[in-house]
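Those protein sequence lines, which keep their order, are chains A and B.
Residue numbering for the first sequence follows our numbering, beginning at 1 and increasing consecutively.
Residue numbering for the second sequence follows our numbering, beginning at 10001 and increasing consecutively.
Simulated from the structure, these hints should not be mistaken for laboratory data.
Source: prediction; values computed, not measured.
A hint or two may mislead.
[To be verified] Covered stretches of chain B, as calculated for chain A (at least 3 residues, CB under 8 Å):
| # | segment |
| --- | --- |
| 1 | 10056-10064 |
| 2 | 10096-10105 |
| 3 | 10134-10142 |
| 4 | 10187-10193 |
Even glycine gets a Cβ: it sits at the ideal position worked out from N, Cα and C.
Here are the chains, one letter per residue:
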Amino acid sequence: MTALVYVPRDSSAVSLGADAVAGAIASEAASRKLDVKIVRNGSRGMFSHEPMVEVTVGAERIAYGPVGAGDVASLFDSNFLDGREHPLRLGIAGEIPWLKSQTRLTFARAGVTDPASLHDFIAHGGYRGLRRAIELGPDRVVAEVTKSGLRGRGGAGFSTGIKWKTALDAPARPKYVVCNADEGDSGTFSDRMIMEGDPFVLIEGMTIAALAVGAAQGYIYLRSEYPHARRALSEAIATACSNGYLGANILGTGKSFELEIRLGAGAYVCGEETAMLESLEGRRGMVRFKPPFPAQEGLFGKPTVINNVVSFATVPIIIDRGAQFFHDYGAGSSRGTMPFQLAGNAKSPGLIEAPMGVRLGEIVYDYGGGTASGAKLRTVQVGGPLGAYFTESMLDVALDFESLAARGGILGHGGIVVFDDTVDMAQMARYAMEFCAIESCGKCTPCRIGSVRGAEVIDEIINLRRPRENLEVLRDLCDTMKFGSLCPLGGLTPLPVLSALKYFPGDFGLTPAEVDFIGADLAISTSGAVDTHAIAGR
Amino acid sequence: MRSRADSDFATPLRRGAATVALEIDGRAVTVPEGTSVIRAAAQAGIHVPKLCATDSLEPFGSCRLCLVEIDGQRGYPASCTTPVRAGMKVRTESPALARLRRGVMELYISDHPLDCLTCAANGNCELQDMAGAVGLREVRYPSSGASHLHAQKDQSNPYFTFDPSKCIVCSRCVRACEEIQGSFALTIDGRGFSSVISAGQNGPFAASECVSCGACVQACPTATLMEKSVIELGQPEHSVVTTCGYCGVGCSFRAEMKGDVVVAMVPNPDGHANHGHSCVKGRFAWGYTTHPDRITRPMIRKSIDQPWRQVSWRDAIEYAASEFKRIQQEYGRGAIGGITSSRCTNEETFLVQKLVRAAFGNNNVDTCARVCHSPTGYGLKTAFGTSATTQDFESVMHADVIMVIGANVTEGHPVFAAQMKRRIRQGARLIVVDPRVTEIVRLPHVQASYHLQIRPGTNVALINALAHVVVTEGLADEAFAAARCDPDEFAAWKRFVAEPRNAPESMEKITGVPAGLVRAAARLYATAPNAAIYYGLGVTEHSQGSTMVLGIANLAMATGNIGRPGVGVNPLRGQNNVQGSCDMGSFPHELSGYRQISDDAVRASFDAAWGVRIDPEPGLRIPNMFDAALDGSFKGLYIQGEDVAQSEPNSQHVAAALRAMECVVVQDLFFNETTKYAHVFLPGSSFLEKNGTFTNSERRISMVRKVAAPPAGMEDWEITCALAAALGYPMEYSHPSEIMDEIARLTPTFSGVSYEKIERLGSVQWPCNDSAPAGTPTMHVDHFVRGKGRFTITEYVPTEERTDSEYPLILTTGRILSQYNVGTQTRRTLNAAMHAEDRLEIHPSDAELRGIRDGDWLQVLARRGETRLRALVTPRVQPGVVYTTFHHPDSHTNDLMSQHSDWATNCPEYKVTAVQVAPEARSVQARSGNAHPYAEDPVAGQDVHATDIQHLVMMANDIGAYFAGYPDQGEAVEEIATHLRNFWEARMRREIVDYVENGGAELSPLVREAVTLIATESVPSSEEVGEG
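Next up, chain B with everything else stripped away, as it sits in the complex (with noise of 0.2 Å):
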């Protein structure tokens, strides 16, 4: 189904500078040159009929219902593959036209059902306005005749029917599903009258290369492609434009609504994240809003073990308000945080932050970002002065080689990889760095020049040798980098990527990728016109998350790829607000647009706004968090739409620090893993129940509009201002514009954003502000945002998590299209069908080796903890390798993961897992014997647990690594005592200084220096934060 609010221009828009003028039935009509005369006549308010024509997809010609007559040209030409010419002289009507159109449409009905009253389409029927446009009066043809009236229908697929005996072969699905999604799933069987849709080798949809992204559907022009949801409720009777509420593209769509129903999720043709397409997540697997699942009621409970008691909503905040204030006096003002989360809105995560900073009156803030794309805004902050991409997802179609690493592009920013996918089908070459044969390696049309099958953990070597190809070769742009870079640093740099030790015949044996494809692919990349990295969460998600990012733009800026269209680095994030939260200030050190808690001018234009003082040092970050409530020192936290126990790592160690809390309060749409440890309960509402913004993978912030009411009562920022007034810290606020007003006031990259401009704009990338209004496509265009562009030593430094003996295989993780992260939402949608269980993908031989068929149930066990997984014996992962996905909770992935994480941001290492596998038939024995040591109660394993001294010596040395690389170790001591000062929170600095004090024993000889120098510092003492 098209939205009946979409008008349809027939045939794409032409962009360029040259016009042609010509005369449609008597109008003059100036449209850029290659347009159509159909879409020339259009924008002249003159509507051919047409049926195979649309806006979306390039001309077709085959219906032959908007033939026009043009002076000179002998016959009719079809208006939608004639393109304009000066001066042309076209007439639209005429008795021949009109003879001939009928003619055409007599053809049509004459094997269609005339059942318009009882079809689905009803109302919005293009076939059917076609006929009344073309004033059909009868079908003269025999009724005896040939037909596809009783072709059977396909209900295969979960969210749509395919009617064959509806199909006016238009072939305008076939082409969505090439030109638009690029799955070549459809195509056409037989020839002539036999001519048929057909999904695979004619087989159900379902069965078939379908992905279910809905292109087709919205193609269609009659009932043969149709909503379910459409055939059950009926025609839409209006629409609103929002964002979707998942992933990082952050697609823009029409909700097809009757009253507050919602009948259809359509992409919007206007969207500029997604230009009308959709994934099978957004278009259709919205169902999880009204699930029965849904909690609708605030609850309460005074310890865990307790049943929950169903309140309301005063009693509830009043009831997290009074326990909040309890703790703090108890324990401390530090002793509670929040968590904001990538899901809910700007102004929802500027208010949580707001509320931790002015009504806790602690820096205690942190946002699930933390546990994806930390190092990207650590990184690209560091090198170029701003944590964001430098591209909007245009970008792409200008781009000649496109690296993508470490990002399961079809998989997980489904709408984007179709636009990559589309460009590479262009010309574009593709480069893919993954230890896992990803979709993208190979697909129809689609084929990597370069897969570079990296072992999991070894992403910095791999950086730095093709760095050293570009350097050592003479690929590097030398100007670029003398006008827009530091020179020392670049000198510095280019000094350490030559060493012979970052050579890829080095590096190939910690890679395991041969140095002749990583010698080829650094060429292509450092040769190319235009040549664009794209990165997820394989980059971020390792010890040397940070270190990979920062290597990643110092490829960019020795090649001089960034700052115009077609280059750049390009972060891909995994929710739909991963960016918008992490400016939003959610981080503990961090006030929103990326500046540091430590500044003072910064923190007194809040104060000022906000009537506080605000904590001039950072706060805990969630691994801290954590930590502090096993140490005990941490009793309560406000999680606002995070299942921080589902989807953080090392699960147990999670459990027991939420068990060891008094308060922790839960703002969510269900009842999840955390909700097990909490004591409050706040229904949330989804994204179709509120107002706000999102802000998708390229800066880009979209409306996000309330369709329907919140099922509790409450919009999420709400539910916060209601906690902040029990509090004692009353926000007013009457709507979520009055929060963005707020957010421009005091953030100098959004202060030219209000509601109004986006209304306006239908959407705006940050910065926006005097120097740009209308937003920043591209950015570091003539210089870095930081000034001059930072190149840095990127020391490849392997993670502890090593293989060995005992756990020989190394687990890595991913996503799959259907499901979306933990699959809270899409678990409560027919998706659930396409992906009922979490498989772990193992190589044949590794299989072989230990007896494991396909489909065998798996003992997966790592040294922190097991889980049960079944096996897919697939040559995709590489030998030593495996891999599964972590949409179900019963997988229990995240019970497996290690403590490590970024040396940088305490971002997990979820990447990188040594275990070991067997058919559960024979367990492998575990390493204390029998049963895992805390496979019952999570507390009782708290003592193999890392203590916390001990996380902050490993956290402490994983940073002193990364800098050991320097040259000069003066300059590395700095940084690291830098690093020290800028994110750690003031009790962490004081225990490590301490630690220092007693020995230090355990910390490399750097660290020690630099504890050192931050130790004859002011660091408040443990106990004046406490109390503070």
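Only chain A is shown next, with the shape it has when bound in the complex (with noise of 0.2 Å):
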């Protein structure tokens, strides 16, 4: 009988050597006239297990890990097809702690089956959301999605169900439904997992999103650094073409929907929607402004849907399992659950899928494990570049929209990123202004001017060259960039910035006193000019 063994094609594994493993269990395999067939699933996102194989035995699957090209010869000779005992056995796959307790709906089946397998996104549940969404009609999915509390996952958290009914209502054709898999902020990587591990969803999801609004043409701006993303949505199209999912006359509903991956250039702004519409037209990567909202007038000027990549692939099973049971998930207007994604300076990194409403901590410590350099723990950031540092004391804090604006800070895409007590804040706020200027699309004048001057004053103060008045300067210039810029690149870089100075003054050389002024102005992280609708994508 032919054993089944998993190897991981993510890119993570990749990088620490799932290739090599594949190849070492083939050749192994291949002399000792074993009769093994290898399938590159996708990551399960337990990074400090990968590359983490995979045998089934019976009808589990037990995991090895982190599995070197090293270690195939002991497997076999310990006779892991069988699923025995070794010393990187971690036991049933799907019983691992760490995996066990997460909620996983958008990527119930990452990790799990073969992502160039049609038959096994099937054989998992897939593409039943798309025949419901066919039964229920446009209306009725747009009201389901509405219903269920998506909000985007791409970082601005506006309702997904009534941006696709902005678009349904719009007069104008054609109309377009385009992804946002420019996934640029740094320590994040759930859209990667999704496009390389479960590609198939992201399809049912957009094409669902299509038939609904009633486009027939799709993108996926995809970042050019995810060429492995790339190779997966690739094939996943082309089956999904050939099969009658996708293009014309989609399962035989007279729709058609033809879906193209459109590669970025490395602007982390195009991750901005405008900006992304703009570099979609084959322009360079400018903001625009809004209104008028993208369902209204996106690509080429028609209504767009722009949602990001985990938004979309949680639409199949929202379809499929009814807004009610994903609404049941969730905190307040959080519903659902969210992929957190947490790196850094953790022990056990990787991806983790919750319920709205977990408490930081538990990210932090019940899955990261604390430090993976045993120092202390001095800071967690979260939503990204552009998001709040936070304290020790404040990782009661519960991971949804409202309870984080609350306490200052951001969802973002949910990326957490985590720093030990070696963290010079004085730097990182030093930093967030430089990765502004870096990355300023130069459009409007407080981040394309703001964000140099920014570093330099903050130069300044760690400099003690008047740092009081500078202070001062600082303040205002986070001020004008928050409330004057023209998108959330801009809006934003003053939190990091303003949280490092009130929470760690000691690194610019300050007193707490000195920056006692800065925390009301911290609580407006999502209001003020910063729309929420204007951070979709990132």
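Take each chain as given, in its own frame, and dock them per the hints.
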């Protein structure tokens, strides 16, 4: 009988040697004349155990990891194909507590199925959402998505249903569906993992959106730094097309939907949805003002649904299981689950899908296991490079849109980066300005000039040149950027700067009293000029 | 530089019936839906600080100065990008807003030189104004910070500088280049703080795609893009609205002045033709008006081999008058005539024809429009009843399909072309009919759906083929034609075009255009909701120019594309006042408003007003004047502002004719080719030195205002008056407005026109009278001016100018953006550097065949003359066709041109000349062996020119060939006879009658019959006319 062995093809596993492991297993099996079939699955997101090899034993999948190519011979020697003991044996994959305790809705198949196999996808519940969506028809699909409470997972947290409704009601033709796959926040990878590990679910979600709003053309705006995702998506799109799930006459409905991948060129700001549209249209990635919103006038000036990868990938299960099923998870107006991505100085980093409202401390300690260095945890940045820094005493904050906002933070794309006590928060604040300066599209003045001046002023403070006066300048500058910027890149940059200043004044050579004024400013993180809609897609 | 005289409402005007009421700072405002908050505020008199917004450009939202507070809306929305909503409550000032604006301004100034006092924009700088408005008092950022203060200035453009150290990256220049001009020459290079304006691939402006239209310079709020003239002279202190003196677009400008010195010409945002846009000529190339070559003293000489003598105005005028009187006494009343210019004002041209008709006592007046758009006048009058465009320029914004025939719009009519491109970028489809790949065929974001690349001279074959498709595929608008046109003529026309010989498949071998393309283009044109035809000299300057205009009119009528915005037949006039000079009665057979000289009632009104008896016979056309001069019967000519020796075809012939005259009076700005043969030079005034009006391509009458004194002391109209007075016919006017009043009194289509009205409305489009007091943007709305639209049979008659083994290539000509016609003006500006020489464009295959490399000097030989030009090897021209511009007198392109001309109007066939071309080193052998027959002495070549009677026979046969297509031969004979009666001067008629009576061997039978018809009528004898 053929033994089924899973070796992830996910970039993180591959970067840790998964290809060599797969090769070693194949040659070892050949030399031992064993009938082994290797499936290159996605990753389950438990990076401390990658490459994690799984073998099918009866109805179970036994996991081993992290497996190096050098471990393969000993695995065979230990009869791992039968699930036998080995120092790397992790047990039944689904029973590993790190995984079992998660609530995997969007990521239900990631790491489980062969991402290239439509059969696998369907066998694990794929395309049930699309079939139901066809039965429901556009209005009811949109109503269902609205009712589920799904808010954009790219960062803005705007109601996906309302967005779709706007596009559905827009009279102009044609309409487009665009997936923002320009996942640019440092320390985030949930989009990549979907695209590499379960690309059909993204295609299914986009197809549901297209049928719901009446679009016949879709684009996936993919960052060029994701070649593996591109390959997996391309394969899946071709397969979906040749099996009637994409292209002309989808599942006999008479409706068609073509899907194309477009590659970005490395600009962070193209994760901002309007800059992404400019880039898609062949221009440099410059932010557009809103309104009009893309759902009214988007790609080529036509109504366009833009959602993040995870948002689209979450739609099939909502339609399949019903709005209420999804709505049952979460807290407040943040419904459902969120794939949190733990990175930085974390002992067990990876993808943790949990209901909205999970405590930051649970992610950092229960899943992350504290710092990788073993040194004391100093701060956690939530929401990507433009997110606020939290101190250890604030780890009780619930990870949902409102709770984070109330504590001066943002959820963003769900990136969580851990720092130990070697971090210099003044340098981190400076880095935020520098990041903005490097990534600014250059359109609006507060971001274009302000970010450069911000780094310069922080240098003045750090070097103790008129620090009090310059602190005032910095405060004014942060206001100008926060309230004056055209898009959230400039508008949110003050967040890491001010939170670093507020919680770690000593790193700047300042006393807590000197930064006393900051508190109130932090609480407006998602209001003001920063329209929540505008953050979609980062 | 933006004119200080123009207010800025920050975002463009939105039109539309629906309005929105809101409250701004407690003031109630009602504005059209879609208006921005900042514009609504401006309309309420509240000026929100701004930098990136300007009302000529769509909102951009980058500067973040115009932030406001809106009740119920979080944060501080930018008022430029926020549209008004009903009931909105807006606050434009608050402590928070003040802080934010100051914060933004502090950032700007942290990267800006603090050199206001020595800056060219001092006093007219929006950045300076805004720093003041927001109350910026200090810049607290470290002075050691990053900056652009040491960026290098780009001075490569002759007219403006680009100083990136002063740039605030508002993108107004980039947006102006895209939105207004459509050149896409500018972009922003780099990101974030490194963002810089870049011309092309980050090279100098002069090396980029920049066409120097000046839109970016006008849009720039700082001194970053700045006119060199302003840098040199300083900011202007007043401005005067006037009209450009270059092309037929007729752009409105503000002459920005210091005293009587022009500092800059800035397009007027309120200009109805140009809406604040301009091109390199009108915007920058006005330096010729103060060029040292200007002649500022009157001069005379007894004969052309004598040197000029400077004399007083009185002596010059007296001398001219006495010579004209002497000539008339010696050779007869018809021995003198006048030529009006399309560059002069309406009032000036009206006076010249008045001078000829009233003081000379004959109708020997013609206009240089003869050589460009006379077929338009004839064709559109015949078909619709009015010799003018059916539309205004704005109409193009409603067109769904635009067909451009024989017009190089981006070069010849750049400001209108910018608007056309804008419409195409909005989605209108484009069909181009041109032998050459003109720019409009493919540009950034503009691409022709079909380019019908015809062989020169085959326009009529093509228009018939297009019509064939429309008729045979059932695409005609039968309802329109039935209601609006003569049904019998429509039916006859349909039978004609439906004949298989007019099918695209039959015509393909003539036109060279694949039949499939013709069919597709015809379908596109015929099925569009609104389809408009724009055409230029590529239509008119042919032996069948009038036929083609009629063919275009037929096609437009047959598809119902007449009488509403977005459609029509739109001739693009070459010079600033082609339309006006024709309107003013400059043609020998017509009085003002296109009324036949033979019409007794019309003449009577002029007779009464002028106190004379106008000759009922049409006078000589320009080519006939030259024929008559060589014939010895025409001896004196008053030429106002037209270089006939340079611009008429067959220059050698013209030179010989001028040489044969006894008194040639030239009134002009400069010495030119014609003044070589002149006896009196009267220094004229430029468009900046006189008052008057110009009428542009869209029948729009606009004011020309005097901003400086004429250097010789007299405006052109005053000179004509002085000459009339010296001839014993005083014309008393104290101001050109009185001349316009006279025009209005005598011309029904102008009866409502007055300076007061033009001042009030900004401009007015004729017809303007009691039934259309505000003028007429769209003509023939409910019915054609002539009643029923007239379909005519447009038989394709190939030109006599054929290629053969000796002259195997067809030469066609055209213009380039930076130069204007024969270059008299533009060559005396820095534009000269933009087009230093005319080149002969030749297809790579033709070049290879002849061993011609790019840049080689070539000998270009035609049947009548030769010249030399340098080669430009390019696939823009098709094999078998060569092309050149004619802006440099040294090019002598008109030496090559034939005497063929339009059968109806004698507009010369500039666009088709058979030539041979060879590298100069291996010159082709001229037919006669060595030297070209009249390379040396023009008069010596006279014998090989067609003699007068031969020319008349050719002209008559041309007319015959056109009407030969009529199914009813009797009708054809009558039409030919009518044409001869209406357009041929009496002596010409007499001569052709004499010729027929002597056998008339070379005339076609139809023409012979027609001449026999008119022979029985009372044609005054040559003697009678001569002595009258």
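Problem set entry | Coverage criterion applied to the segment 10096-10105 of chain B (partner chain A; beta-carbon cut 8 Å; 3 residues) | Since 5 is at least three, the answer is holds.
Problem set entry | Coverage assertion for the segment 10187-10193 of chain B with respect to chain A, Cβ distance below 8 Å, three residues required | Coverage by chain A holds for the segment 10187-10193 of chain B (6 residues, Cβ < 8 Å).
Problem set entry | Coverage of the segment 10134-10142 of chain B by chain A (three or more Cβ within 8 Å) | Contact hint for the segment 10134-10142 of chain B vs chain A: holds, 3 residues under 8 Å.
Problem set entry | chain A over the segment 10056-10064 of chain B, status - at least 3 residues with CB closer than 8 Å | The restraint on the segment 10056-10064 of chain B holds, since 6 of its residues have a Cβ under 8 Å from chain A and three suffice.
No hint from the list above goes unmet by this structure.
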